[in-house]
Each structure stands twice: as structure tokens, then as C-alpha cells.
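Q: Those protein sequences? They're chains A and B, same order as listed. Heads up, our numbering is the position in the first sequence plus 41, with the first residue counted as 1. Heads up, our numbering is the position in the second sequence plus 12, with the first residue counted as 1.
Rather than coming from a laboratory, the hints here were simulated on the basis of the structure. Incorrect hints may have been included.
[As the list claims (entries may be wrong)] Below are the DSS-like pairs computed for lysine-lysine, each with C-alpha atoms no more than 30 Å apart in a straight line:
hint	chain 1	residue 1	chain 2	residue 2
1	B	Lys61	A	Lys65
2	A	Lys119	A	Lys109
3	B	Lys70	B	Lys83
4	B	Lys83	A	Lys65
5	B	Lys70	B	Lys124
6	B	Lys81	B	Lys124
On a predicted model such as this, the values are computed, not experimentally measured, just so you know.
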Amino acid sequence: DAGVIQSPRHEVTEMGQEVTLRCKPISGHNSLFWYRQTMMRGLELLIYFNNNVPIDDSGMPEDRFSAKMPNASFSTLKIQPSEPRDSAVYFCASSSYSDEEETQYFGPGTRLLVL
Amino acid sequence: AQSVSQHNHHVILSEAASLELGCNYSYGGTVNLFWYVQYPGQHLQLLLKYFSGDPLVKGIKGFEAEFIKSKFSFNLRKPSVQWSDTAEYFCAASNNAGNMLTFGGGTRLMVKP
């Protein structure tokens, strides 16, 4: 299995631009999570989906952030408009909700720099 | 509220020293516990996990952790660290009410050669 796939791996953009991060979960997994990691705040859960349905988006910082999961094999996290304080590493993780031992597996992350 | 605490933010050890990283959790009901490792510039990888059974859990790369329910702790140990263990270590918890993970703040370990 290829594991969780994220793209792009690095993104540099200017303030005000739209940024779209992409994630492909492990095949067969039905839960997907978006995290943000910064030096100041550590690892934060932004939103997670079960069976493509958003379950908890209380971690999404503000309306500039949105996430979708149109099907079981793809999710996007969009920031519009982006701001310098959004600079962080964004991780996607997936797990199998039906497993008795649910373990989240992380993707390689997208390093976002907003100038 | 559910929380996970890692009290050691930075640890510096020499090679061959023994390691113990603290993790305490505050969770109602059944708790599942995890340790993840993040090597410099890389993503989080699972080291070990505890769901039930033997409270002493053995993971990859010689790591182990012990679940002590009375102390709400799940400390990570390794008898002899190597330079390649330099990384950040995260403790995390979830419960059977859902599969949301709550992460601790992480502990940065530096092993001097």
C-alpha cells in the first residue's frame, strides 16, 4: 500500500491567494483527518470525516478554511484567502473506523508558506 | 475535558543512556493510547499502541510503554538510545466513543553521539 498521499509537498504563496491541499487516504480506510502543526501550537486537529461525512470541524480556525471529501479516496483542504499566520505543516491521516483497534496513519504533510 | 500532557518538552541524552518520556492523560471511560514519532522533516509514524490486555506494550525500534491506569500514565521507555532516535515524540489518546485522537504537546529528544 502506498500509504496516505498528500500533494503538494511544499507550497509557497502570497497572502490573499487561494491554497488547496489534497489528500488520498489509504484504500479501505473510511475515516480521514486534517491536522495542522506549528511550533507555537503543536499538532491541532482541524476536521475529520467518517464515510465522507464531516463529523467534527470545531478545530477549523475560521471561515477562510474549508474541507471537502467528495468520495472515499479524496479530500481537499482549502484556504481562501490565505494569510501569513496560516504557514504551517498540514497533515492528513486516515484510519479504518470499523476496526476494533483504530490507528491513524499519517501522510508526509504539506509545508505551506504564505508570504 | 479530554487532555494529554507531556511534561518533558526537551530531553537531551547521550548515546546508550536510558530513556523515559512521560505521558499523562485525562479521559473518561475506556482509553486507547498511542506513541508516535516524528523524525526531522518527516511525518508522524506509529511507534506503539495500547488498546487492552498486557499493560506493557512493545513497539518498534526497541521502544516500550507501560499503561498504569491508577496513575493515568503511559510512559515511553527505551533502555539504550541511539543517535538515530533523535526526533519528536507524541503521546496521543482516544476512546471508544469515536476515533478522534488528542495529542500531547510533544517531547523533542536529542541524542548526542
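Q: If a hint holds in the structure, say so; if it doesn't, say that too.
A: Do the hints match the structure? See the list:
no. : hint                  : verdict
1   : B:Lys61 <-> A:Lys65   : 24 Å, holds
2   : A:Lys119 <-> A:Lys109 : 8 Å, holds
3   : B:Lys70 <-> B:Lys83   : 20 Å, holds
4   : B:Lys83 <-> A:Lys65   : 39 Å, violated
5   : B:Lys70 <-> B:Lys124  : 24 Å, holds
6   : B:Lys81 <-> B:Lys124  : 33 Å, violated
Violated hints, in rising order: 4 and 6; the structure is consistent with all others.
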